[in-house]
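S.K.: One letter stands for each residue in the lines below.
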Amino acid sequence: MQSLMTQKNKDLLLRIGKQWAVIFFVAELIFFGLTAKGFFTVNTFQIVLFFGTAIMLMAVGELFVIITGGIDLSVGYVMGLSSIVSTKLIVAFAGSGLPELGAILLGILITLVLGLIPGMINGLLISRLNVPPFIATFSMLGISHGVSELLITEGAAKNLPHMANVIGNGHFLYFAQESGFSFFVRPEVARGVKVFELLPNVVVMTFILVAIFAFVLKRTVFGVHTYAIGGNEDSAVRSGINVKNHIMKIYMLSSFLAASAGVIYMLKYVTGKADAGASLLLDSIAAVVIGGASLSGGSGTVWKAILGAVIIAVLETGLRILGIPTFDKYIMVGVILIFAVLIDQVFPETTYKDKE
Amino acid sequence: MRKGLILVMVLLMAFSMSAQLFAGGQQEAADDEITMLFMPGVADPFYYVMEKGIVAKGEELGVNIIVAEFPKAWGPEVQVPILEATVAQGGIDMILIAPTAIDALISPLKKLYDQGIEIITVDTYLGDGDYSKDSDYSFPLSYIGSDNEKGGREMAAHLCEMIGGEGKVYINSTNPDVSSVMGRVKGFKEGIEAFPEVELVGVDYNMDVQQKATDQTLAALQKDPDIAGIFGTNLYSSQGAYQAVVNAGLVGAVKIATWDASVDIINALKKGQIDLVLAQKPFEIGSLAVEWGYKFFTEGTEIPAKVIPGFEFFDSENVNDPDMEQFIYK
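Sequences listed follow chains A and B, in order. Heads up, the numbering used here is the position in the first sequence plus 1268, with the first residue counted as 1. Heads up, the numbering used here is the position in the second sequence plus 93, with the first residue counted as 1.
What the hints contain is simulated information worked out from the structure, not anything from laboratory work. Here the structure is a predicted model, which is why all the values come from computation and not from measurement. From the three backbone atoms N, C-alpha and C, an ideal C-beta is built for every residue, glycine too. Treat the hints with caution; some may be incorrect.
When the alpha-carbon atoms are kept at most 20 Å apart in a straight line, the in silico EDC-like pairs for lysine to aspartate or glutamate are as follows [said to hold, decoys possible]:
hint, chain 1, residue 1, chain 2, residue 2
1, B, 305, A, 1417
2, B, 423, B, 377
3, B, 261, B, 286
4, B, 399, B, 211
5, B, 165, A, 1543
6, A, 1462, B, 207
7, A, 1305, B, 186
8, B, 204, A, 1446
9, B, 226, B, 207
10, B, 279, A, 1422
11, B, 145, B, 384
12, B, 305, A, 1422
13, A, 1462, B, 186
14, A, 1305, B, 126
15, B, 204, A, 1456
16, B, 316, B, 292
17, B, 203, A, 1456
18, A, 1462, B, 211
19, B, 363, B, 418
20, B, 305, A, 1543
21, B, 226, B, 211
22, B, 243, B, 254
23, B, 165, A, 1596
24, A, 1597, A, 1543
Residues on chain B that point at chain A, a partial pick, calculated with CB under 8 Å [claimed, not checked]:
hint, residue
25, 174
26, 199
27, 208
Could you put the whole structure together from the sequences, leaning on the hints where they help?
M.R.: Right under this line is the structure:
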């Protein structure tokens, strides 16, 4: 009888423990909704998503790595490197006479392909040469930083064609009372006339990528293998999964997503910067852990990692509207991260059930 | 669980839509007071003094002043999110901003301009800073700040006289992406052309890292041990350069000139670490911005596309002069 009771209590606790991020998110919204003037507007939500794009992309990459029981510390500086490489490539292509849009698309494409290289090296070191992920990716952090600085010694990464700015700061959909809906191009209206700007282009791009990788993780063999490796590497090997190849692909995927975050940075701020993503490493790992993934591997979902990223982005924007210095944000994210890991230890069972 | 989440999101969106309509109505009701937002470039004494000038003039004229969070680092990725979140509060008529990049701030500011908010850039500007000719960055009403090129030329003249009109000079600057320091460098180069016996041996960019400034200056002194004058374009550059001069054992032989009269720099001047300081007038810049903005709203005055306050120079002789006290940033 007593054991039945405790079992029931345990189940309830488990359920709350599993959903604490959702509860925290709602509490956060209520708090800022009550205290921060102008928080509950479409505009503010778009600001949250617009500035959250980099964290979201890197969190998804980090999630795949963390599910396999690894960690990727290089994402922040790979992002910076990619912002510089894409800027330099596009400026060079535009300078050689390509039309603006062509130069931008080609530059982005090449950058994304190059973006696989840091991950490939990480993956090789980790899977074939048994270098611990922490050391391999930490070294890659330094290498990416150094290469970035080298690339800008000859001149800053800037002077992008105007089109980059238009894409990066434009919206997918516009609505004005007189001209109705229009796509991509802001309607010509008198100044001061309210134009609803919906779905920033970079947010749309981010969500397309996120949705693709959510599908990959949840619905494909690749995803199943990823969980299997994180759950128990030995049995994954025995069941015939090519673990070494898989680990390599995982790190390539992570650096690909970090490179896309760099491309999006380039579009938003029309510059490339070595330290563009330096402060985002903590955020992206925190987002994954807040989203309920266990650092010992085997669990986590893409949409929960995105929830984690949004929690951090809301915190940041909310604090800014309140005028609280963002140093506090780092402290809070740090505290939440520790809290999340502690919860993960208190409810270890969740790690095996939470695969939906 | 997912259904629940979606429901919460939909409810929040619906709530936010209605809240926005409601807020829109409120805004118009309370519009007889002018509200200006000051968006500084970075947390440093220069902008603290400018804030004082803005707040003082705002109180004098009855203008409501909102001061955004001071960005902890220089760069659009730090400044733009703060700007957007602060403007999201609504009710702002004019933004006084020191843009942290000449190109990255164009789109975010244009968006706010299109919503009907007026823009004045202070201390730094968009594009080439010329808002009088038509371009995609000509929408701000005015640039109010120092003419950095003119300051660079005056600085060159002062420093060249100090080293006796001949010898090698070296520039240590911060970041080639920042309009203000690039102007200083350009003006300085033009200024030394008037002194045929003075030769510029190099320009380095330390990206706001003092240690890097020291390393770069040491390398320059290694290459040209007879450098007579160094122009450090801000505090970090000149402090870094001074450290290098100390390490190379050349104290006294090399004259160091720098920009901005912060308390730290003036103390360094008093200690003999720095020999020449150009003081901008941030208090005046801030106060002029509010005054012109106020006239624009109340009297419909057209603001000149450029408003340029002058400079003052500090050296070891006048640094203790009580009349100069007011130009120190504190």
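S.K.: Could you run down the list of hints and mark each one as holding or not?
M.R.: Hint check:
1. B:305 to A:1417: OK: residue 305 of chain B and residue 1417 of chain A at ~13 Å, within 20 Å.
2. B:423 to B:377: Holds: residue 423 of chain B and residue 377 of chain B sit about 13 Å apart, inside 20 Å.
3. B:261 to B:286: Within the cut-off at roughly 13 Å; holds.
4. B:399 to B:211: 15 Å, holds
5. B:165 to A:1543: This hinted pair holds, its Cα atoms lying about 14 Å apart.
6. A:1462 to B:207: 9 Å, holds
7. A:1305 to B:186: 17 Å, holds
8. B:204 to A:1446: 19 Å, holds
9. B:226 to B:207: Status holds; Cα separation ~19 Å.
10. B:279 to A:1422: 18 Å, holds
11. B:145 to B:384: This hinted pair holds, its Cα atoms lying about 14 Å apart.
12. B:305 to A:1422: 16 Å, holds
13. A:1462 to B:186: 15 Å, holds
14. A:1305 to B:126: 18 Å, holds
15. B:204 to A:1456: 13 Å, holds
16. B:316 to B:292: 14 Å, holds
17. B:203 to A:1456: Holds, at roughly 13 Å.
18. A:1462 to B:211: 15 Å, holds
19. B:363 to B:418: At roughly 13 Å apart (the allowed maximum being 20 Å), residue 418 of chain B and residue 363 of chain B satisfy the hint.
20. B:305 to A:1543: 16 Å, holds
21. B:226 to B:211: The hint holds at about 18 Å.
22. B:243 to B:254: Holds - the C-alpha atoms of residue 254 of chain B and residue 243 of chain B are around 17 Å apart, at most 20 Å.
23. B:165 to A:1596: 12 Å, holds
24. A:1597 to A:1543: 19 Å, holds
25. 174: Because about 5 Å separates residue 174 of chain B from the closest Cβ in chain A, which is inside the 8 Å limit, the hint holds.
26. 199: 7 Å, holds
27. 208: Nearest chain A Cβ about 7 Å off; hint holds.
In summary, the structure agrees with every hint in the numbered list given earlier.
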